[in-house]
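So the chains spell out like this:
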Amino acid sequence: MIGAVAILGGYAVLAACGGVLLMRARGRPGATPAAYLTAAMHHPAGRWVVLLLWMWVGWHFFVR
Amino acid sequence: VGAPIEGSRSPWRATALVTVALAYAWIAGGLRPFTWPAAVSTTLGGLVVFILAWRHRPVPAPARYDRRQLVAWTVWLAAVTGWELWALSMTPRSRHPTISSLINSAIEAHPGRSIAVLAWLALGWWLARR
Chain S
1 MIGAVAILGG YAVLAACGGV LLMRARGRPG ATPAAYLTAA MHHPAGRWVV LLLWMWVGWH
61 FFVR
Chain C
65 VGAPIEGSRS PWRATALVTV ALAYAWIAGG LRPFTWPAAV STTLGGLVVF ILAWRHRPVP
125 APARYDRRQL VAWTVWLAAV TGWELWALSM TPRSRHPTIS SLINSAIEAH PGRSIAVLAW
185 LALGWWLARR
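Line by line, the protein sequences give chains S and C.
Note that my numbering has the first sequence beginning at 1, numbered continuously upward.
Note that my numbering has the second sequence beginning at 65, numbered continuously upward.
No lab work stands behind these hints: they were computed from the structure.
Backbone N, C-alpha and C fix where the C-beta goes; we use that ideal spot for every residue, glycine too.
Any given hint could be a false lead.
Estimated spans, in silico, between C-beta atoms of each pair [as the list claims (entries may be wrong)]:
no.: 1; chain 1: S; residue 1: Arg64; chain 2: C; residue 2: Gly146; range: 33 to 41 angstroms
no.: 2; chain 1: S; residue 1: Arg64; chain 2: C; residue 2: Trp90; range: 34 to 42 angstroms
no.: 3; chain 1: C; residue 1: Ser74; chain 2: S; residue 2: Cys17; range: 21 to 29 angstroms
no.: 4; chain 1: C; residue 1: Arg128; chain 2: S; residue 2: Arg64; range: 21 to 29 angstroms
no.: 5; chain 1: C; residue 1: Val123; chain 2: S; residue 2: Gly3; range: 40 to 48 angstroms
no.: 6; chain 1: S; residue 1: Pro44; chain 2: C; residue 2: Thr155; range: 40 to 48 angstroms
no.: 7; chain 1: S; residue 1: Leu37; chain 2: C; residue 2: Ile167; range: 16 to 24 angstroms
no.: 8; chain 1: S; residue 1: Gly18; chain 2: C; residue 2: Arg131; range: 17 to 25 angstroms
no.: 9; chain 1: C; residue 1: Leu86; chain 2: S; residue 2: Trp59; range: 18 to 26 angstroms
no.: 10; chain 1: C; residue 1: Trp90; chain 2: S; residue 2: Pro33; range: 22 to 30 angstroms
no.: 11; chain 1: S; residue 1: Gly3; chain 2: C; residue 2: Thr79; range: 44 to 52 angstroms
no.: 12; chain 1: C; residue 1: Leu108; chain 2: S; residue 2: Val5; range: 36 to 44 angstroms
For the chain C half of the interface with chain S, some residues (derived, Cβ under 7 angstroms), not all of them [unchecked claim]:
no.: 13; residue: Ala102
no.: 14; residue: Arg121
no.: 15; residue: Pro122
no.: 16; residue: Ala125
no.: 17; residue: Pro126
no.: 18; residue: Trp140
no.: 19; residue: Ala142
no.: 20; residue: Trp147
no.: 21; residue: Ala151
no.: 22; residue: Arg159
no.: 23; residue: His160
Based on the sequences and whatever the hints tell you, model everything.
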């Protein structure tokens, strides 16, 4: 049975991988999450999908 | 789509906006989940951001995108989602923490919750101005 330490370790590894991806994106404006989110926000449907996801995050943590 | 909102042009207006956002975050952070006040305050914050997004003229998008990096980010996001869902499917939660349960532990107290509300609002503000 896998325990909390292993699960937290998994999150830590994933966070480290995210950090590596962020480092790789340095100096490349078209390779960051911000660039991809900006692209999504330029699409009429993508704009509202991203905002609805943002709203869901707020509802998830602050209401329910 | 109307004229862009020029929030940062006037220092007084920017100061007022920051003050209102801080006050909102402090008040909203003090509300208990599963209550009507929490639902109303979160909905109000969301409405403000949605109105801003509707009125704002988007900033120019980067001219070129790195497609390989997009694939890498997509794989990373899928891995995070998969790990989260796998933990979510297991019990008890104390032995199988999810990202949500970890964050919920961090935002149980009023100050932490208010900081989280402020971060959520700032993210929404940033997204609405894209």
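Hints, one by one, checked against the model:
The given range of 33 to 41 angstroms is broken by S:Arg64 and C:Gly146, whose C-beta atoms sit roughly 23 angstroms from each other. The given range of 34 to 42 angstroms is broken by S:Arg64 and C:Trp90, whose C-beta atoms sit roughly 21 angstroms from each other. C:Ser74 and S:Cys17 have their C-beta atoms about 42 angstroms apart, which leaves the hinted 21 to 29 angstroms range violated. Under the hint 21 to 29 angstroms, the C-beta atoms of C:Arg128 and S:Arg64, about 40 angstroms apart, miss the expected range.
C:Val123 and S:Gly3 have their C-beta atoms about 45 angstroms apart, which keeps the hinted 40 to 48 angstroms range intact. Range check, S:Pro44 to C:Thr155: Cβ separation about 41 angstroms, and the 40 to 48 angstroms hint holds. At roughly 20 angstroms, the beta-carbon separation of S:Leu37 and C:Ile167 lies within the given 16 to 24 angstroms, and the hint holds. Against the hinted window of 17 to 25 angstroms, the Cβ-Cβ separation of S:Gly18 and C:Arg131 comes to about 19 angstroms, which satisfies the hint.
Taking the beta carbon of each, C:Leu86 and S:Trp59 are about 22 angstroms apart, inside 18 to 26 angstroms as hinted. At about 29 angstroms, the beta-carbon gap between C:Trp90 and S:Pro33 stays in the expected band of 22 to 30 angstroms. In this structure, S:Gly3 and C:Thr79 meet the distance hint of 44 to 52 angstroms, their C-beta atoms being roughly 49 angstroms apart. For C:Leu108 paired with S:Val5, a C-beta distance near 40 angstroms keeps the hint of 36 to 44 angstroms intact.
The beta carbon of C:Ala102 comes within 5 angstroms of a beta carbon in chain S, closer than 7 angstroms, and the hint placing it at the interface holds. Given hint, C:Arg121 at the interface with chain S, is violated; its Cβ is 11 angstroms from that chain's nearest Cβ, farther than 7 angstroms. For C:Pro122, the shortest C-beta to C-beta distance to chain S is roughly 6 angstroms, which falls under 7 angstroms, so the interface hint holds. With a least beta-carbon distance of about 5 angstroms to chain S, the hint placing C:Ala125 at the interface is held under the 7 angstroms criterion.
About 5 angstroms separates the beta-carbon of C:Pro126 from the nearest beta-carbon of chain S, less than 7 angstroms, and the hint is met. For the restraint placing C:Trp140 at the interface with chain S, the shortest Cβ-Cβ distance is roughly 6 angstroms, inside the 7 angstroms limit, so the hint holds. A least Cβ separation of about 11 angstroms between C:Ala142 and chain S goes past the 7 angstroms threshold, and the interface hint is therefore violated. Taking 7 angstroms as the C-beta cut-off, the interface hint given for C:Trp147 holds, the closest approach to chain S being about 5 angstroms.
Checking C:Ala151 against chain S: minimum C-beta separation of about 5 angstroms stays under 7 angstroms; hint holds. Interface restraint check for C:Arg159: the shortest CB-CB distance to chain S comes to about 5 angstroms, inside 7 angstroms, so the restraint holds. The criterion of a C-beta within 7 angstroms of any C-beta in chain S is met by C:His160, whose closest approach is roughly 6 angstroms, and the hint holds.
Violation of the numbered hints given earlier is confined to hints 1, 2, 3, 4, 14 and 19; the remaining hints are satisfied by the structure.
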